Amino acid sequence: QKEVEQNSGPLSVPEGAIASLNCTYSDRGSQSFFWYRQYSGKSPELIMFIYSNGDKEDGRFTAQLNKASQYVSLLIRDSQPSDSATYLCAVNRVGTGRRALTFGSGTRLQVQP
Amino acid sequence: GAVVSQHPSRVICKSGTSVKIECRSLDFQATTMFWYRQFPKKSLMLMATSNEGSKATYEQGVEKDKFLINHASLTLSTLTVTSAHPEDSSFYICSAGPGRNLPGEFFGPGTRLTVL
Chain A
1 QKEVEQNSGP
11 LSVPEGAIAS
21 LNCTYSDRGS
31 QSFFWYRQYS
41 GKSPELIMFI
51 YSNGDKEDGR
61 FTAQLNKASQ
71 YVSLLIRDSQ
81 PSDSATYLCA
91 VNRVGTGRRA
101 LTFGSGTRLQ
111 VQP
Chain B
1 GAVVSQHPSR
11 VICKSGTSVK
21 IECRSLDFQA
31 TTMFWYRQFP
41 KKSLMLMATS
51 NEGSKATYEQ
61 GVEKDKFLIN
71 HASLTLSTLT
81 VTSAHPEDSS
91 FYICSAGPGR
101 NLPGEFFGPG
111 TRLTVL
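Line by line, the protein sequences are chains A and B. Residue 55 in my numbering sits at position 55 of the first sequence; the count goes up by one each step and never skips. Residue 58 in my numbering sits at position 58 of the second sequence; the count goes up by one each step and never skips.
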């Protein structure tokens with residue numbers, strides 16, 4: 001079992017729709033959860049982080065965390081073609097320490113105009 | 001805040017030569033920096049963790065004598081690919097963090113290495 005699992009996609013949604021990206025993790029001790037966006041040929045860019053169960057909203061993005069189910073998701077409302085990218089879920093296994101994040105393999109999102 | 005630069009952005013070299021890549025945190029101090037490599041359409045692979053003033057910690061399977069890491073200051077880490085071969089061609093990305101009040105890691109723009 002991978003430590004952080006994501007469906008590779010592609011996830012295709014029409015412009016203006018809600019894109020829902022999902023991630024599960026295996027380590028119950030994980031405390032910090034991050035979503036990165038990576039455009040083709042570019043490096044990852046941090047877009048959201050969440051520590052507590054529930055929802056966290058930032059503009060069109062909402063991160064959702066359910067530690068009991070070991071599940072974290074990212075919702076993108078009013079999807080735009082510019083949102084087309086690979087979205088990486090990352091988990092910090094030791095909370096806010098200095099250990100590197102564990103990344104999922106990413107979900108490719110395609111927003112159709 | 002949380003800007004990380006990386007230089008060069010692209011390098012082409014001949015087989016057998018060494019290539020140095022610099023990673024700088026521009027607006028925050030990062031006691032820890034990380035080096036990743038990524039092959040086309042593949043996920044990030046952590047190579048090593050670099051701590052300021054101490055030896056880097058390499059992931060299993062990464063040759064420390066081939067990928068030399070130096071973290072001489074709180075804002076600069078370097079990766080040297082020694083005696084590069086075509087199979088070392090990849091996208092190398094550094095990251096820094098967390099910083100004070102800055103959770104997560106912040107990535108440099110990456111260096112695309114092509115070894116002929």
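Source of the hints: derived by calculation from the structure; they are not laboratory data. Values in this document were obtained by computation on a predicted structure and should not be read as measured data. C-beta atoms are modelled at their ideal positions from N, C-alpha and C, and glycine is treated no differently. Accuracy of the hints is not assured; some may be wrong.
[Claimed, not checked] In the DSS-like style, the derived pairs of lysine-lysine whose C-alpha atoms are separated by at most 30 Å in a straight line are:
| id | chain 1 | residue 1 | chain 2 | residue 2 |
| --- | --- | --- | --- | --- |
| 1 | A | K2 | B | K14 |
| 2 | B | K64 | B | K41 |
| 3 | A | K67 | B | K14 |
| 4 | B | K42 | A | K2 |
| 5 | B | K42 | B | K66 |
| 6 | B | K66 | A | K42 |
| 7 | B | K66 | B | K41 |
[Said to hold, decoys possible] If you want a taste of the chain B side facing chain A, the calculated C-beta under 7 Å gives, among others:
| id | residue |
| --- | --- |
| 8 | F34 |
| 9 | M45 |
| 10 | L46 |
| 11 | E52 |
| 12 | F67 |
| 13 | G99 |
| 14 | N101 |
| 15 | P103 |
| 16 | P109 |
Results for each hint:
1. Distance check on the hinted pair: A:K2 and B:K14 sit about 37 Å apart at the alpha-carbon level, beyond 30 Å; violated.
2. Distance check on the hinted pair: B:K64 and B:K41 sit about 25 Å apart at the alpha-carbon level, within 30 Å; holds.
3. Taking the CA atoms of A:K67 and B:K14, the gap is about 49 Å. The hint is violated against a cut of 30 Å.
4. Restraint check for B:K42 and A:K2: satisfied, since their Cα atoms lie roughly 15 Å apart, inside the 30 Å limit.
5. Proximity of B:K42 to B:K66 is assessed by CA-CA distance (about 22 Å); at most 30 Å being required, the pair is judged to hold.
6. With a C-alpha separation of about 25 Å, the suggested pairing of B:K66 with A:K42 holds against the 30 Å cut-off.
7. For the proposed pair B:K66 and B:K41, the alpha carbon gap of about 24 Å is at most 30 Å, so the pair holds.
8. Proximity of B:F34 to chain A holds as hinted, the smallest CB-CB distance being about 5 Å (cut-off 7 Å).
9. A cut of 7 Å between beta carbons decides the hint on B:M45: the least distance to chain A is about 9 Å, and the hint is violated.
10. Evaluation of the B:L46 hint against chain A yields a held restraint, the C-beta minimum of about 5 Å falling below 7 Å.
11. Against a cut-off of 7 Å between C-beta atoms, the interface hint on B:E52 is violated, since the closest Cβ of chain A lies about 11 Å away.
12. For B:F67, the interface hint is violated, since its Cβ never comes within 7 Å of a Cβ in chain A; the closest pair sits about 15 Å apart.
13. About 11 Å separates the beta-carbon of B:G99 from the nearest beta-carbon of chain A, more than 7 Å, and the hint is not met.
14. Proximity of B:N101 to chain A is violated relative to the hint, the smallest CB-CB distance being about 11 Å (cut-off 7 Å).
15. Given hint, B:P103 at the interface with chain A, holds; its Cβ is 5 Å from that chain's nearest Cβ, closer than 7 Å.
16. Taking 7 Å as the C-beta cut-off, the interface hint given for B:P109 holds, the closest approach to chain A being about 5 Å.
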